[in-house]
Amino acid sequence: MIRFENVTKRFPDGTEALKDISLVLPTHELTAIIGPSGCGKTTLMKMINKLEKPTAGSIYIDDNPINGMDEVQLRRSIGYVIQRIGLFPHMTISDNVALVPKLLEWPKSKKEERVRELLELVGLDPEIYMDRYPLELSGGQQQRVGVVRALAGDPNIVLMDEPFSALDPISREQLQDELRNLQQTINKTIVFVTHDMDEALKIADSIIVMRDGQVEQVGTPQQLIDEPANEFVRNFIGVERINQKRTFGEKRLIEFLDLFVTDWAGDAEKISADATIENAFLQLDNSDQNYLAISKGGQVVAYANARDLLKAALVKETGVLA
Amino acid sequence: MRNFLDTLVNRQDMIISALLEHMYLSFVAVAIGIAIALPLGIVITRYRRYAEPIIGVTAIFQTIPSLALFGFLVPILGIGSPTALIALIIYALLPILRNTYAGIVGVDGSTIEAGRGMGMTRTQILRQIELPLALPFIMAGIRTATVLTVGIATLATFVGAGGLGDIIYRGLQSYNNSLVLAGALPVALLAIGFDQILKWIEKRATPKGLKT
Ligand SMILES: Nc1ncnc2c1ncn2[C@@H]1O[C@H](COP(=O)(O)OP(=O)(O)O)[C@@H](O)[C@H]1O
Ligand SMILES: [Mg+2]
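Protein chains in written order, with the working numbering: chain A, 1 to 322; chain B, 323 to 534.
Derived by calculation from the structure, the hints in this document are not laboratory data. Hints should not be assumed to be uniformly reliable.
Lysine-lysine pairs mimicking BS3-like chemistry, simulated, CA-CA at most 25 Å apart [said to hold, decoys possible]: (1) A:Lys-270 x A:Lys-311; (2) A:Lys-108 x B:Lys-521; (3) A:Lys-188 x A:Lys-251; (4) A:Lys-102 x B:Lys-530; (5) A:Lys-188 x A:Lys-53; (6) A:Lys-296 x A:Lys-311.
Bear in mind the structure is a predicted one, so any value in this text is a computation, not a measurement.
Modelling step: build the complete structure from the supplied sequences, incorporating the hints.
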């Protein structure tokens, strides 16, 4: 758990980037920080690994104040992905990924094993890519390396600053999906800065909406759409998107089966594939289970949780995610 | 042509010893130039507001005509190789200093931020990121300084420090064109030779991932 307590940041030139912020970022969750450019997202994130220091207030990781911690040690224990990828062009992919393990002085065999494991995790064949240089990879591949490089030291916390914003829409979507799946396996505390509401709604467990150095609302994607705290949040989410949810809420689950998972080991409540998304939301809200088992002709064909339903609700008519 | 070849053969010993002197002067001047300008260049990237003035001062030295600088140093330092060396070092400083500074400052900020964010210390960032990425620039600066120094070392003869300038000067005084050529040609060859060797090293110094 990362906790901000009355954190204010004033830069030497007088800019007040953060104004008395108090927040909790829960462990094992992906929290998205969203807001217009210049609202203080990056500054907020950099406070966590001490790339910026608060002018007032304190930050705690699992109740330990970070201002007493050695900044180099702290950074080695936190993964960090920046917007402009920031791979070292003169180092091979393998050396890039192994950077933090090297700083932590892991033995050579452990480092190499880790590099292989991580590259495989994001679908890059180690035999092919380990000895390549960053500039020999596509933008999407480079950012995959950027992401696993941040995981190399097995940190509990990973900070990501608009990691996919420089990518083309197709790679971006792909990486968002991959990150979502990855998070199911690695279960890190991820802080994800973005200015793209679609991205935030798609991947985040909870979203922090910022404006002008202040927090406007904190909530799950569902809560933001259902109950935007004020006009700013409503506009930021987009009236369109809220209305879209209404109309698409009328559509039937059967149209979106390919967005849902096909197997799920836990408990789930049954619902007919002919039910509308709206009804599915209602049933899930009133259920003790987190998943719905969607059945067609007596057979369960897919499983969906609230996130999957939201995805379906946000799908455009063409069937492609907005 | 015949004359020239005769001169080469007859004055062989003198030419070779002048050549060695010339190489020694240039080499020592560049080596000391690197020893001063490289660390200084690194330091001023850390204190950027002093960078402009310091580079500015070395640039002013560079604009002093070389003969004038030699003449200016004699009353202070007297005659001999130290005087010549100091003058040559002064000329070697600027290209190395400027390129070291520009090379390091030119390293993409996001790369350095990534390093800092992952917990590299300042020294680790300098050694593992900034210097390797700036190396081609630094090598280019050393190359410029070397070629410059080899040329200017011709004037060392005026402060009694020897070198190939001796041969040229003697040739001029005795209206012996062959002798002038026997001094000037090795200077040119030396400059071209060093240039080529350093160019090759510069290429090899370019980090592998940056070659396209
Ligand atoms: N080093 C700095 N010095 C002065 N002002 C800064 C500095 N870094 C950021 N700012 C200012 O602080 C505000 C927030 O910046 P930032 O956190 O980068 O915003 P975001 O990431 O949301 O776009 C902006 O007004 C920006 O200009
Ligand atoms: Mg930012």
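Okay, the hints, checked on the actual structure:
1. Between A:Lys-270 and A:Lys-311, the direct Cα distance comes to roughly 19 Å. Compliance with the 25 Å bound is thereby established for this hinted pair.
2. As the CA atoms of A:Lys-108 and B:Lys-521 are separated by approximately 36 Å, the hinted pair breaks the 25 Å bound.
3. For the suggested pair A:Lys-188 and A:Lys-251, the alpha carbons sit about 34 Å apart, so the restraint of at most 25 Å is broken.
4. Restraint check for A:Lys-102 and B:Lys-530: satisfied, since their Cα atoms lie roughly 21 Å apart, inside the 25 Å limit.
5. Of the supplied pair hints, the one linking A:Lys-188 and A:Lys-53 holds, its CA atoms being roughly 24 Å apart against a limit of 25 Å.
6. For a cut-off of 25 Å, the pair hint linking A:Lys-296 to A:Lys-311 stands: about 20 Å separates their Cα positions.
In terms of the numbered hints stated before, the structure departs from hints 2 and 3, listed from lowest to highest.
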